[in-house]
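Peer 1: The hints should help you fit chain C onto chain W, whose structure is shown.
The listed protein sequences derive, respectively, from chains W and C. Under our numbering, the first residue of the first sequence is numbered 21, with each subsequent residue one higher. Under our numbering, the first residue of the second sequence is numbered 103, with each subsequent residue one higher.
If you're looking for bench data, these hints aren't it; they were derived computationally from the structure. Where is the CB? At the ideal position from N, CA and C, for every residue including glycine. Possibly wrong hints are sitting among the right ones.
As the list claims (entries may be wrong) - So these bits of chain C aren't anywhere near chain W, every CB distance computed over 12 angstroms:
hint, residue
1, D113
2, T125
3, S144
4, G158
5, S163
6, D167
7, L187
8, N218
9, R269
10, R282
11, T314
12, V400
13, E412
14, D430
15, F435
Stated by the list, open to error - Facing chain W, a subset of chain C residues (Cβ under 7 angstroms, in silico):
hint, residue
16, V109
17, I110
18, H129
19, L130
20, A133
21, F134
22, L135
23, F136
24, L140
25, G143
26, L239
27, L268
28, R272
29, V277
30, Y278
31, W283
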Amino acid sequence: MLFNSIDFVLFFALVYGLYLVLNHRAQNWVLLVASNFFYGCWDWRFLFLLWFTMTVDFFCGRAIHRTEDPRARKRLLLLSLVSNLGILFFFKYFGFFSASLQELFRSFGVELSWVTLNIVLPVGISFYTFQSMSYTIDIYRRQLQPTTRFDDFVVFVTFFPQLVAGPIERASHLLPQVLRPRVVTYSLVREGAWLILLGYFKKVVIADNMAPLVAAVFDHPEQAHGLSVAAAIVAFAFQIYGDFSGYTDIARGTSKLMGFDIMLNFRMPYFALNPQDFWKRWHISLSTWLRDYLYIPLGGNRGGPVATYRNLSLTMLLGGLWHGAAWHFVAWGAFHGLLLIAHRLALPVLELVRPASAAGQRAWWLLRMAVFFVFTCFGWLLFRVDRLSDVPLLLGNMFQPFAWNGKMALLTMACLLPPLLLVDIVQEKSGDMMVVKRWPAPFRLALYGVLFAYIVMTGWVERIEFIYFQF
Amino acid sequence: MVHAFPVIKLDYIEAYIRLPAATRRWHLGLAFLFLVILVAGSEILRRTAGVEPAPGVPYMSLVDDRLEVIYAGSSHVGYGIDPRLYSMNGMNVTAGALNYEGIEIVLRRYLDRAPNLKILVLEAGIVPLRVDTMARLDGDYRSLYRLGLTTFDLPLGPYEKVIQWLRESRVLYPVYFMDRWSPSLLVWGTRPLGGEGEGDADTRGFTPLERTISTENDGAVVVEIHRLDHLRADHATRNLPALLRILDMAEARRLPVVLLRLPHHRTYVENRPEEWERQFQDMMDHAIRQTSPELLTVLDWEQHPAFLDEHFADGDHLNVRGVTLLRDLLDPFWGRLKTID
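Isolated chain W (complex conformation) (with noise of 0.2 angstroms):
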């Protein structure tokens, strides 16, 4: 079931009228069986696989919060790290592995004949697989305490808004918000109604028309030449920020109508100045994830240079696999870790160089704004290709032949990102998420009338699932 789709807006609607006159305890379990209905609608058989994983979580954080003995405990945090890792390893990466081994081996003329599966990848694995196992590893670090309901630890996994493509919660955060009682104030439904509102403009009107741009040059990368390639990367850094932080904004406005609150996931992530900056305005909630859990307990940066160079490239490495089982992704990771380490490198020049007058220092934040979008974008192509070799061969047909194409292209950019451009800027200025909740009446009332019609007469209604959910 999309959230562009008629299905998600009669199921909401069903599910919020209930809601909202239920009381908390019953709130909890409408929000079960509508969660668990909106997972089965993918394909119910993975309802058990999602279900194994609340289970093991929920009574391996019983079992570690019960016990004082260190070993004990450690065994009881590894079952349920395995079993979440050895399910997310068999689902998502053993096609990949057991290909890429064999292709290996090939090289050396060996062939290897085994059993290769065509494992079907359960929608969400990712995203419901780092959520569970965030829970264990914080009750095992003592600073979570675990749920003694299972029906209250199964609604904050599979918490329908955010099962699918995130933000990742962190237990801490929204199993507090299952155990309370809610109160949906007229604050956060103004909230909600505005970021759906973003949302469905940011999915149908700007991902669903960059994604046949994209398409064009991507699917058939020989024939692709020219500006068209470079007018199909910036447009795929649309297509992908529209796609995913358009599913965000309206997973978080449906949960803002419930009076929940879950984590901002991007922060307009292309007025990054450098890539630390970046990382922490895109898929926030998977970057502070990946610190928390592998980054810091790797060592962080407290082992010296060699060895925090060594962790960043590490947790971004796995960071590009987690997105998918294929070498461009693990190659988008690679890159990202060695933009990390470089600008680490290059800071104290960067120090140096900085002007010093106002205008000085306006320009050269357009500088860094406009230098690190094109390292932002030689990473969407990394992402984007169907495979790695596609690279060299779209740059190399960028210039040879050149060509003024991708006008297109162009003209589509110019004529549906103003708003989206618009909003973000005013975003980024005021430095708050919500400042349109507070412009004065007739200029919201024109935004949202022309977020509306935007919609209405470009936007591609149930024509493209959303880029994240085969993650």
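Peer 2: Relative to chain W, chain C alone:
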């Protein structure tokens, strides 16, 4: 006794009523604005896209007592048979990825309106047997409406029919199905009524293909597309019974049926999974066992030697030269079949 923790509570409704009147007026204004934009936008889209003809009317007008032959099947029939070239008055009942289940629904509407029908030509193929038309069309059923079906004729569950009915309501239809006001349309391509290459009533459901086969679209490529194209063994569990019901329906009317396997390029035959062929033969066995021999003619021309590379538009569709050659081979049969009754 008042329950301490009532399951049902109306706090939010009461809280909304307590909001200042100006706030509630603002909400009403917003809802009105959205409604106006939706209705006006929908109307603009409808007018700029051109008025949609009443679906199915031109097709249904072809189905009368003059109709002698119906050629029913998937795109292979739509591209392969030009009824205008044949000696008997005929029409194509085709849509991209039309399966036997779909053909049956259409024929149930058509047969009573065509009392003088002399021959029913049914595509004998793996596509109508294994494809899930509804999944393949993915909510855009205009190619079926073109044939005279309505939402409520479609093989959908009650819930899906209601959702589809909503999508096709006057206001939402343009938003769902008509071309957007976006420059990306020029890249994405417009979506003509009835889908691409579906033919129309003027051509009696025939769409000529001028191109010839190449490595870009040969049988290997087409087989791969068919694999991805909802061509699954389990769909045959619905399509085979539908085919048998069509044969029953024809037999009840003493209507001769030709099960015609259209020519496929050799690259298609070479690359096709063996399982497809086994399942096809199983279907033919069922059909032959069930139908009176005097009413059933099987023409397996998949590898007819007269068809050369130059007759194919791709791995499994004929081009205009192939269409003419097929007419030359097929038309003489009609004279013989006509003598049955």
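Peer 1: Next, verify each hint and record whether it holds.
Peer 2: Verification of the hints:
| no. | hint | in the structure |
| --- | --- | --- |
| 1 | D113 | violated, 9 angstroms |
| 2 | T125 | violated, 8 angstroms |
| 3 | S144 | violated, 7 angstroms |
| 4 | G158 | holds, 24 angstroms |
| 5 | S163 | holds, 32 angstroms |
| 6 | D167 | holds, 42 angstroms |
| 7 | L187 | holds, 36 angstroms |
| 8 | N218 | holds, 43 angstroms |
| 9 | R269 | violated, 6 angstroms |
| 10 | R282 | violated, 5 angstroms |
| 11 | T314 | holds, 20 angstroms |
| 12 | V400 | holds, 35 angstroms |
| 13 | E412 | holds, 26 angstroms |
| 14 | D430 | holds, 38 angstroms |
| 15 | F435 | holds, 43 angstroms |
| 16 | V109 | holds, 5 angstroms |
| 17 | I110 | holds, 5 angstroms |
| 18 | H129 | violated, 10 angstroms |
| 19 | L130 | violated, 13 angstroms |
| 20 | A133 | violated, 11 angstroms |
| 21 | F134 | violated, 11 angstroms |
| 22 | L135 | holds, 6 angstroms |
| 23 | F136 | holds, 6 angstroms |
| 24 | L140 | holds, 6 angstroms |
| 25 | G143 | holds, 4 angstroms |
| 26 | L239 | violated, 13 angstroms |
| 27 | L268 | holds, 6 angstroms |
| 28 | R272 | violated, 14 angstroms |
| 29 | V277 | holds, 6 angstroms |
| 30 | Y278 | holds, 5 angstroms |
| 31 | W283 | holds, 5 angstroms |
Of the numbered hints stated above, those contradicted by the structure are hints 1, 2, 3, 9, 10, 18, 19, 20, 21, 26 and 28, listed in ascending order.
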